[in-house]
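Enquirer: From first to last, the protein sequence lines stand for chains A and B. Residue numbers for the first sequence follow the numbering used here, so the first one is 1 and each next one is one higher. Residue numbers for the second sequence follow the numbering used here, so the first one is 1 and each next one is one higher.
The set of hints was computed from the structure by calculation and includes no laboratory data. Predicted model, so just to flag it, every value in this text is computed and none were measured. Note that beta-carbon positions come from the ideal geometry of N, C-alpha and C, so glycine has one too. One should not assume that every hint holds.
Below, simulated DSBU-like cross-link-like pairs (lysine-lysine); rule was C-alpha separation at most 35 Å, straight line [what the hints assert, rightly or not]:
| hint | chain 1 | residue 1 | chain 2 | residue 2 |
| --- | --- | --- | --- | --- |
| 1 | A | K314 | B | K157 |
| 2 | A | K314 | B | K123 |
| 3 | B | K141 | A | K314 |
| 4 | A | K177 | A | K301 |
| 5 | B | K123 | B | K141 |
For each label pair, taking beta carbons as the anchor points, the in silico distance ranges come out as [said to hold, decoys possible]:
| hint | chain 1 | residue 1 | chain 2 | residue 2 | range |
| --- | --- | --- | --- | --- | --- |
| 6 | A | G243 | B | A64 | 44 to 52 Å |
| 7 | B | A160 | A | L284 | 26 to 34 Å |
| 8 | A | G86 | B | S72 | 51 to 59 Å |
| 9 | A | V256 | B | K157 | 26 to 34 Å |
Chain by chain, the residues run as shown.
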Amino acid sequence: MRDDQKPPLGPIDPGQLPVVKAPDAIWNSIVASLNAESEPAPRGFRWWRFAAACSLLIGTVLLWYSNRPQPPSWEVVRLDGSPSVGSKPLADTGRIAVGEWLQTDASSSARIQIGQIGTVEVEPNSRVRLIAAKPNEHRLSLARGEISAVVSAPPRLFFVDTPASTAVDLGCAYRMKTDESGSGLLRVTVGWVALEWKGRESLVPAGAICRTKSEAGPGIPYFSDASQALQDALAAFDFEKGGSEAVSMVLGESRVRDTLTLWHLLSRVDSDERSRVFDRMVELAPLPQGISREKILELDKDTLRRWSQELAWKW
Amino acid sequence: MVRNMKHTLMFMVLAASAFGADFTLAIGSPVAGSLPGAPTTSDGAPVQVRKVNASFAVRTEGCADPATALISATAEGLVNGARQSAALRLLPGTGPGVYLVSRDWPTQGVWVVRLIGTCANAKAGALVPIGPGGFIRESSKFFPRFATEAEIEASLKSLAGGAK
Numbered sequence: 001m002r003d004d005q006k007p008p009l010g011p012i013d014p015g016q017l018p019v020v021k022a023p024d025a026i027w028n029s030i031v032a033s034l035n036a037e038s039e040p041a042p043r044g045f046r047w048w049r050f051a052a053a054c055s056l057l058i059g060t061v062l063l064w065y066s067n068r069p070q071p072p073s074w075e076v077v078r079l080d081g082s083p084s085v086g087s088k089p090l091a092d093t094g095r096i097a098v099g100e101w102l103q104t105d106a107s108s109s110a111r112i113q114i115g116q117i118g119t120v121e122v123e124p125n126s127r128v129r130l131i132a133a134k135p136n137e138h139r140l141s142l143a144r145g146e147i148s149a150v151v152s153a154p155p156r157l158f159f160v161d162t163p164a165s166t167a168v169d170l171g172c173a174y175r176m177k178t179d180e181s182g183s184g185l186l187r188v189t190v191g192w193v194a195l196e197w198k199g200r201e202s203l204v205p206a207g208a209i210c211r212t213k214s215e216a217g218p219g220i221p222y223f224s225d226a227s228q229a230l231q232d233a234l235a236a237f238d239f240e241k242g243g244s245e246a247v248s249m250v251l252g253e254s255r256v257r258d259t260l261t262l263w264h265l266l267s268r269v270d271s272d273e274r275s276r277v278f279d280r281m282v283e284l285a286p287l288p289q290g291i292s293r294e295k296i297l298e299l300d301k302d303t304l305r306r307w308s309q310e311l312a313w314k315w
Numbered sequence: 001m002v003r004n005m006k007h008t009l010m011f012m013v014l015a016a017s018a019f020g021a022d023f024t025l026a027i028g029s030p031v032a033g034s035l036p037g038a039p040t041t042s043d044g045a046p047v048q049v050r051k052v053n054a055s056f057a058v059r060t061e062g063c064a065d066p067a068t069a070l071i072s073a074t075a076e077g078l079v080n081g082a083r084q085s086a087a088l089r090l091l092p093g094t095g096p097g098v099y100l101v102s103r104d105w106p107t108q109g110v111w112v113v114r115l116i117g118t119c120a121n122a123k124a125g126a127l128v129p130i131g132p133g134g135f136i137r138e139s140s141k142f143f144p145r146f147a148t149e150a151e152i153e154a155s156l157k158s159l160a161g162g163a164k
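Next up, chain A with everything else stripped away, as it sits in the complex (with noise of 0.2 Å):
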């Protein structure tokens, strides 16, 4: 800046300020700024932009859509009649969602493939619903009606949810039936089914009977083949207050095999009548060695799973 285009030192009076021309490089840049703005876009570009978008936007949709995952289902096939699934009526073959009701009617019934574990039968006038169809767990609730379900995998995998009971499978076959309150019977053919209510568990194996009743859950194990008498008696103890007369009547009524039901009844008694039941198992099949009384009367699971397993090659 030369001399003369410096301002005045000290107070300048209005009107004297000098006038200095500004660079001409700010000048084309302020232009073509200004240009720019007031420019329009080209047309055709833009929509061709947005166009492209839409397709991608469109396809990617579509292909989500088409790969999404599905809801877990279950292969279902028609036995009998119409059986219907959601709102819907089975043809010969169809599939059962996460969630989903299968019904049948008087005439009807169905098969239903637990995924690669198994099998279930589902009998006429029954409601059964799909609850989990996960790796690690199977799981079907009957609300009303008669299964019969064959699987063929370690323990607790399958499971049956009812009114008044859990149907845990420990590798196994059998028929379940129940009624909308509960009441019901667990019939097991091959291998273990523990019935599971509230904290109270039935280990019931092949050949073995157990009731259900609303509220109470499951009842006492019996063999097929125990005496009407043993049979009554336990309904009664289960189910209606029988007490100390139906305890009674289920030891007189004890054969070696019965030890099923009575190790059960061990720890549905009161300590009184506890001893009662120890001395007539022991009657029918001497207690091995390591298995102490004491612990026994005390409940000690480890102990009365120790005896269990004796016992099991009785029964």
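We have chain A already, so just place chain B on it with the hints.
Expert: Relative to the frame of chain A, chain B by itself:
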């Protein structure tokens, strides 16, 4: 002299006992060999009774090391008056020395299952008759040796007689 003989005899009895002189076989329903409290076999695999189609379970008793005991089974039958024999599969059950005996014999005729067991130098045997409803526990016979052919014949004749 007599005292020495007594000691020798006592030693022999104790030694025999230690090596399995009380060794026997015991049988039970297949559920006994697939207990819920012990869901895996001695080799760590789950017991799957349905796949096995087990007729009954067998285990050793009185063997110091049940895992080393050897058990084998054959089905001995009488079909239309002719003797038949078939080797049976034994599958590991829950626990050492526990096996499930497969049901691998024809439906015709009458059959008994012959079990043979060894534990060290000790032997044990059993004959398990098979009825329409499965194995017949009450009629089963257990021996501190292998069952003889005569005993098998007698068991089959008894079954055939009962079946008539």
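Enquirer: Hint by hint, note whether the structure agrees.
Expert: The hints, checked one at a time:
1. Between K314 (chain A) and K157 (chain B) the alpha-carbon distance is near 27 Å, which keeps this suggested pair within the 35 Å criterion.
2. About 23 Å separates the Cα atoms of K314 (chain A) and K123 (chain B), which keeps this hinted pair within 35 Å; it holds.
3. Restraint check for K141 (chain B) and K314 (chain A): satisfied, since their Cα atoms lie roughly 16 Å apart, inside the 35 Å limit.
4. Proximity of K177 (chain A) to K301 (chain A) is assessed by CA-CA distance (about 30 Å); at most 35 Å being required, the pair is judged to hold.
5. For the given pair, K123 (chain B) sits about 15 Å from K141 (chain B) by alpha-carbon distance, which is consistent with the 35 Å threshold.
6. At roughly 48 Å, the beta carbons of G243 (chain A) and A64 (chain B) sit within the given window of 44 to 52 Å.
7. Under the hint 26 to 34 Å, the C-beta atoms of A160 (chain B) and L284 (chain A), about 33 Å apart, fit the expected range.
8. Take G86 (chain A) and S72 (chain B): their Cβ atoms lie about 54 Å apart, and the range 51 to 59 Å holds.
9. At roughly 28 Å, the beta-carbon separation of V256 (chain A) and K157 (chain B) lies within the given 26 to 34 Å, and the hint holds.
The earlier numbered hints are all upheld by this structure, with none contradicted.
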